[in-house]
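Student: The sequence shown: position 305 = 305 (my numbering), numbered continuously.
Please keep in mind that the hints were generated in silico from the structure rather than gathered at the bench.
Heads up, a few of these hints could be off.
Claimed, not checked - Pairwise CB distance ranges, derived in the manner of DEER restraints:
#, residue 1, residue 2, range
1, E356, Y127, 47 to 57 angstroms
2, R133, D216, 38 to 48 angstroms
3, L71, Q317, 44 to 54 angstroms
4, S98, Y127, 44 to 54 angstroms
Where is the CB? At the ideal position from N, CA and C, for every residue including glycine.
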Amino acid sequence: MSPGAQSVVVTGMGAVSPFGEGAGPLWRNLREGRSAIGPLRHAQASQLRVKVAAQVPESFDPSMWFDERVLPMLDRTSQFAMVAAREAIAQSGIDFGSNGIGSRTAVVIGTGAGGETSHDEQSQRLYAEHAPRVHPLTIVRMMANAPASQISIAHGLRGPAFGVASACASSNHAIAQAALLIRAGLADVAIAGGTESCFTYAALRAWEAMRVLSDDTCRPFSANRRGLVLGEGAGVFVLESAEHAHARGAVPLAALAGVGMSADAGDIVAPTPAGAAAAITQALSEARLNVEDIDYINAHGTGTQANDVSETRAIHQVFGSHARHLAVSSTKSMHGHALGASGALELVAVLGAMTEGVVPPTANLDQPDPACDLDYVPHTARDWPVRAALSHSFAFGGLNAVLALKRI
Numbered sequence: 001m002s003p004g005a006q007s008v009v010v011t012g013m014g015a016v017s018p019f020g021e022g023a024g025p026l027w028r029n030l031r032e033g034r035s036a037i038g039p040l041r042h043a044q045a046s047q048l049r050v051k052v053a054a055q056v057p058e059s060f061d062p063s064m065w066f067d068e069r070v071l072p073m074l075d076r077t078s079q080f081a082m083v084a085a086r087e088a089i090a091q092s093g094i095d096f097g098s099n100g101i102g103s104r105t106a107v108v109i110g111t112g113a114g115g116e117t118s119h120d121e122q123s124q125r126l127y128a129e130h131a132p133r134v135h136p137l138t139i140v141r142m143m144a145n146a147p148a149s150q151i152s153i154a155h156g157l158r159g160p161a162f163g164v165a166s167a168c169a170s171s172n173h174a175i176a177q178a179a180l181l182i183r184a185g186l187a188d189v190a191i192a193g194g195t196e197s198c199f200t201y202a203a204l205r206a207w208e209a210m211r212v213l214s215d216d217t218c219r220p221f222s223a224n225r226r227g228l229v230l231g232e233g234a235g236v237f238v239l240e241s242a243e244h245a246h247a248r249g250a251v252p253l254a255a256l257a258g259v260g261m262s263a264d265a266g267d268i269v270a271p272t273p274a275g276a277a278a279a280i281t282q283a284l285s286e287a288r289l290n291v292e293d294i295d296y297i298n299a300h301g302t303g304t305q306a307n308d309v310s311e312t313r314a315i316h317q318v319f320g321s322h323a324r325h326l327a328v329s330s331t332k333s334m335h336g337h338a339l340g341a342s343g344a345l346e347l348v349a350v351l352g353a354m355t356e357g358v359v360p361p362t363a364n365l366d367q368p369d370p371a372c373d374l375d376y377v378p379h380t381a382r383d384w385p386v387r388a389a390l391s392h393s394f395a396f397g398g399l400n401a402v403l404a405l406k407r408i
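Generate the whole structure from the sequences, applying the supplied hints.
Tutor: This is the structure in structure tokens:
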């Protein structure tokens, strides 16, 4: 962090996940090592090779959350983000109508695919059903900035508001950008996170074609891993300058001490340890943390052959001998890979670990892989004081975003 820059703290969090509505259920299930991965729910499931997924429960009912006049404008990605934002704002106790706070509040929400469900539905009408027109609200439902815009409108927030799209790093990039806005003095508060829902027939077919999906479950870092499992959901956080939070008597959950961002500038899908290591190193430097200060890493840990080895090598490269003393886990083994929302769901896990001194496990780690030789906290959560932690997100396109957090 540059001298004189504002310190940034997290004062609220919210989530919609495959475990249901709320950050609490997400954290409790991850702590207990429970998996939300199950049979794919889709009208055309019988035509797909994809058999498993981590989906938000069918009990999620948007009509319980939104007025019937607003709902037609909301794709599922916006619904998830807005519900998560409400929870985060409520936990933070912030009043946007007080002292003009709303005019100094930014909204930055990441999503990899945007309103894919709305796009797919209207394409089906146009091309398969030969409808002469599409729904008039299609554009406002499918645009990638819709979740950020809808949160801004719902809460009267008039600071900078925009979307971030960087595939699986979208959440961490969005949170990093929000923190940088606060540090630069362009906002006092930011609502930031990520959201995703793209269980459409076309998207699932596209993922099948990449041949990176597991056919049974997600086994990060295990020798018998067979690929990633797609997920969905949203995680949203209230970030504030430490000064602003203190002035209103807020109790921070943690400090967002540093961010690191880099690009591999290599292959569009194959990760490189050097790119990930650069982002990790930058996050540590920004946070003014030594490698020995880090107790826990929430890994990107997708369960693919390439990612898990590359990430392990990056950790060794940065941490040296201290790598053997880290607790490292991938919660994607339980909530799936929610693409642009993954980093946000994983930040809930990091904050839970820091608050309770319990590191969530890597589920399904059945067979040690000599190429993945760190302590991945297999199967069962571990009591483990966490003073400082990192959260990794590494995306297709060679895009890397790492968050560094410290306990207050």
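Student: Run every hint past the structure and note whether it holds.
Tutor: Here is how each hint holds up against the structure:
{"no.": "1", "hint": "E356 <-> Y127: 47 to 57 angstroms", "in the structure": "holds (50 angstroms)"}
{"no.": "2", "hint": "R133 <-> D216: 38 to 48 angstroms", "in the structure": "holds (42 angstroms)"}
{"no.": "3", "hint": "L71 <-> Q317: 44 to 54 angstroms", "in the structure": "holds (48 angstroms)"}
{"no.": "4", "hint": "S98 <-> Y127: 44 to 54 angstroms", "in the structure": "holds (50 angstroms)"}
Of the numbered hints listed earlier, not one is contradicted by the structure.
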